[in-house]
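What follows is each chain in one-letter form.
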Amino acid sequence: MSNEARKLLLVGDNPFHGISHLSQERARSRNEGIGYPADKAADLVSTSLRCGADGFMFSVSDITLSILKIVQERRSARQLELYAIVPYSFEYVRVATQTGTPGLAKRFAKQIVVSGDIVTIWQGLKAVVKMDPEGLVKTYLAYEISRIKSSAGKHAKLASVLLHEVITDMSLALGFDWLFHSYVAYLSKMGITPGFHTRNFPYLVKKFEEWNIDLDKTMITTPFNKAGFQMNPTKEECEKTLSNLSSPIVIAISVLASGYFKPSTAVDYVAGLSNLKGVVAGVSNEQQARETFSLFKEHLKKWH
Amino acid sequence: MSIWGVESLRKRKLRFAVIGLGKMGLVHASILNVIPDVELVALVDKSALMNRLYKIIFSSTGISVMSDFEKLSGLNLDAVYITTPISSHSFIARNLYKKAIVRNMFVEKTLASNYNQAKELCDFAKNFGSITMVGYMKRFSVTFRRAKELLAQESLGELHSFKAYAYSSDFLGLTKRSESSALRGGALRDIGCHVVDLALWLLGDLKVNDVLPNVTEIGSATSVSFTAKNSDGLEGRFDVSQCMLNYRMPEFGLVIEGSKGRIEVNDDKISLTLDNGNLTKKYKQDLSDNVDFFLGESEYFRENQHFVSSLLNNQTSEPNFESASRVDNVIDQVRNRSRLE
Numbered sequence: 001m002s003n004e005a006r007k008l009l010l011v012g013d014n015p016f017h018g019i020s021h022l023s024q025e026r027a028r029s030r031n032e033g034i035g036y037p038a039d040k041a042a043d044l045v046s047t048s049l050r051c052g053a054d055g056f057m058f059s060v061s062d063i064t065l066s067i068l069k070i071v072q073e074r075r076s077a078r079q080l081e082l083y084a085i086v087p088y089s090f091e092y093v094r095v096a097t098q099t100g101t102p103g104l105a106k107r108f109a110k111q112i113v114v115s116g117d118i119v120t121i122w123q124g125l126k127a128v129v130k131m132d133p134e135g136l137v138k139t140y141l142a143y144e145i146s147r148i149k150s151s152a153g154k155h156a157k158l159a160s161v162l163l164h165e166v167i168t169d170m171s172l173a174l175g176f177d178w179l180f181h182s183y184v185a186y187l188s189k190m191g192i193t194p195g196f197h198t199r200n201f202p203y204l205v206k207k208f209e210e211w212n213i214d215l216d217k218t219m220i221t222t223p224f225n226k227a228g229f230q231m232n233p234t235k236e237e238c239e240k241t242l243s244n245l246s247s248p249i250v251i252a253i254s255v256l257a258s259g260y261f262k263p264s265t266a267v268d269y270v271a272g273l274s275n276l277k278g279v280v281a282g283v284s285n286e287q288q289a290r291e292t293f294s295l296f297k298e299h300l301k302k303w304h
Numbered sequence: 001m002s003i004w005g006v007e008s009l010r011k012r013k014l015r016f017a018v019i020g021l022g023k024m025g026l027v028h029a030s031i032l033n034v035i036p037d038v039e040l041v042a043l044v045d046k047s048a049l050m051n052r053l054y055k056i057i058f059s060s061t062g063i064s065v066m067s068d069f070e071k072l073s074g075l076n077l078d079a080v081y082i083t084t085p086i087s088s089h090s091f092i093a094r095n096l097y098k099k100a101i102v103r104n105m106f107v108e109k110t111l112a113s114n115y116n117q118a119k120e121l122c123d124f125a126k127n128f129g130s131i132t133m134v135g136y137m138k139r140f141s142v143t144f145r146r147a148k149e150l151l152a153q154e155s156l157g158e159l160h161s162f163k164a165y166a167y168s169s170d171f172l173g174l175t176k177r178s179e180s181s182a183l184r185g186g187a188l189r190d191i192g193c194h195v196v197d198l199a200l201w202l203l204g205d206l207k208v209n210d211v212l213p214n215v216t217e218i219g220s221a222t223s224v225s226f227t228a229k230n231s232d233g234l235e236g237r238f239d240v241s242q243c244m245l246n247y248r249m250p251e252f253g254l255v256i257e258g259s260k261g262r263i264e265v266n267d268d269k270i271s272l273t274l275d276n277g278n279l280t281k282k283y284k285q286d287l288s289d290n291v292d293f294f295l296g297e298s299e300y301f302r303e304n305q306h307f308v309s310s311l312l313n314n315q316t317s318e319p320n321f322e323s324a325s326r327v328d329n330v331i332d333q334v335r336n337r338s339r340l341e
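Chains A and B, in that order, give the protein sequences.
Oh and the first sequence: position 84 is 84 in the working numbering, straight run, nothing missing.
Oh and the second sequence: position 44 is 44 in the working numbering, straight run, nothing missing.
Simulated from the structure, these hints should not be mistaken for laboratory data.
This structure is a prediction, so every number in the text was calculated from the model and none was measured.
Ideal Cβ placement from N, Cα and C applies to all residues, glycine included.
The reader is advised that the hints may include incorrect statements.
Chain B stretches covered by chain A per the calculated footprint, using a threshold of three residues with CB under 8 Å from any CB of chain A [said to hold, decoys possible]: (1) 22 to 29; (2) 145 to 159.
Not the full set, but computed from the structure, chain B residues with beta-carbon under 7 Å of chain A [claimed, not checked]: (3) Asn33; (4) Val34; (5) Ile56; (6) Ile57.
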């Protein structure tokens with residue numbers, strides 16, 4: 001899939017999971033009780049889409065899939081662009097903490113079996129018997145894609161599936177080039193842009209070039225903000241790597257640093273990064289959704 | 001030693017192995033593999049199934065995968081990471097020393113299952129002239145480091161009291177939560193140890209006073225509270241729980257009161273409130289939290305970098321076995337006090 005010239009503006013799901021990179025205290029205060037109700041989160045996504053967001057970026061979990069279902073029902077036949085991050089590492093780490101790695105493996109296998117997807121079950125069985133890591137990756141992706149499509153319905157477009165930062169960065173560090181090649185090949189074949197979520201953007205670009213992975217066929221999400229927060233190794237190195245890319249493939253995350261910056265400050269900074277493909281921002285109330293996306297949309301017009 | 005800067009001038013890289021390929025083993029292995037002065041030589045995991053899978057996954061990397069740590073013998077290793085369940089730390093470390101497999105070790109927290117085991121490992125380390133480290137990575141967080149600086153500058157004047165907490169929602173709502181927590185050594189050993197280490201690091205040695213409420217088995221309790229006093233008479237309270245509502249990620253924090261004001265510090269921010277009305281608040285974003293390679297938390301890279309630097313410069317590392325054994329001592333005191341009450 002080629003990278004379009006238009007800049008993307010996406011609404012993210014971090015606030016719905018109780019995530020605030022500014023402080024956990026802040027996340028707790030806006031997530032009182034048992035977390036964000038799906039219909040309230042769906043309202044915020046719908047408002048963001050009305051005010052200029054082009055799509056929804058989310059970690060694939062039961063929570064976000066239920067939000068997605070409500071949003072899509074409200075939009076009826078209007079197409080919704082989806083950018084899904086897999087796996088939802090938080091949940092997997094939590095289960096591993098409670099039950100250990102074998103418990104996690106059992107639970108995951110059970111989920112696939114319960115899904116009733118015969119092809120995926122068969123693929124998974126073959127991969128386990130043959131101890132085939134590439135087969136296991138494909139089985140996992142098939143399972144997640146099937147969950148997303150089943151919740152999103154036929155009018156949604158799954159634009160990209162992005163590998164979660166923990167898996168991306170660990171695989172980069174350990175030199176698992178086979179995983180990246182396999183991931184890119186599998187998703188490209190399905191007409192979905194292979195994406196990678198990373199907090200080590202220059203390192204990823206360096207490794208992909210070494211491994212002959214065509215960056216232009218991928219999408220990268222990585223932090224870009226005025227403070228340089230989570231821009232590793234340095235803000236300058238990330239900006240330099242971005243400007244040297246041959247095409248805009250990067251979606252900036254953490255642009256507001258979860259409230260550390262006002263949207264007006266954040267937008268001034270990202271508007272100066274000409275080689276960005278787009279921006280994702282999370283919102284935690286209706287007013288914030290309207291203001292943030294209206295402001296970003298306005299600035300996108302001036303964005304070169 | 002930047003992974004982006006000048007290449008190492010060393011002729012030979014330091015040779016490392018990691019024993020235990022759970023979450024922490026993989027995090028450390030990944031970070032070590034990007035540090036230029038390190039060659040990750042071998043990984044050990046005793047699970048037959050995982051071992052088979054890891055052998056295939058790592059086949060193209062040049063890193064050996066084995067099932068028995070004794071097979072590390074003869075690999076001419078400079079250091080080993082032990083990231084297995086806590087109950088096995090002492091056995092593995094002792095045998096690595098006894099069989100002369102390696103001299104320098106990094107052990108994930110807690111160092112051992114009790115203070116006696118920890119003391120024995122300290123003796124081994126002393127006899128072998130080891131450079132050692134224990135994974136109390138919160139000492140490498142920018143906010144807690146700032147707290148250390150402020151206390152060193154005596155910003156609070158005379159210290160009066162403190163409160164420390166470690167909270168998570170890991171076992172909230174689980175029916176068999178004691179069983180699950182016991183697998184990880186109980187809340188105090190699993191998450192409370194970090195805040196005990198921070199308190200020891202910031203405030204000095206601690207003696208446990210009371211355990212509140214009465215907990216019969218520290219090794220499986222999901223919530224523990226206790227009070228402790230340092231040698232200067234500074235008294236404080238610890239609250240540890242894995243059943244707190246809305247603690248999506250574990251959170252560690254301290255509030256320290258002094259004659260001039262108070263410091264409140266946690267993973268995200270630090271504030272210094274002085275009695276004259278001055279308030280200084282800094283978030284992680286303000287404190288240069290970037291690292292050469294980020295995985296999980298920036299603290300993980302810093303602690304690994306510190307251990308590697310200590311080896312390269314043949315210097316003592318911190319927290320080492322000796323300083324970490326004091327955490328096991330405090331946990332043992334809590335266990336003993338809870339049984340007495």
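To see whether the hints hold, each was checked on the structure:
Requiring three or more residues with a Cβ within less than 8 Å of a Cβ of chain A, the coverage given for the region 22 to 29 of chain B holds, as 5 such residues are present. For the region 145 to 159 of chain B, the proposed coverage by chain A is not satisfied: 0 residues have a C-beta within less than 8 Å of a C-beta in that chain, short of the threshold of three. With its C-beta approaching chain A no nearer than about 5 Å, B:Asn33 sits inside the 7 Å limit, and its interface hint holds. Taken as an interface hint, B:Val34 checks out: its beta carbon lies about 5 Å from the nearest beta carbon of chain A, inside 7 Å.
Given hint, B:Ile56 at the interface with chain A, holds; its Cβ is 6 Å from that chain's nearest Cβ, closer than 7 Å. Annotation: B:Ile57 was flagged as interfacial toward chain A, and the flag holds, the nearest CB pair being 5 Å apart, inside 7 Å.
Consistency with the previously given hints fails for number 2 only.
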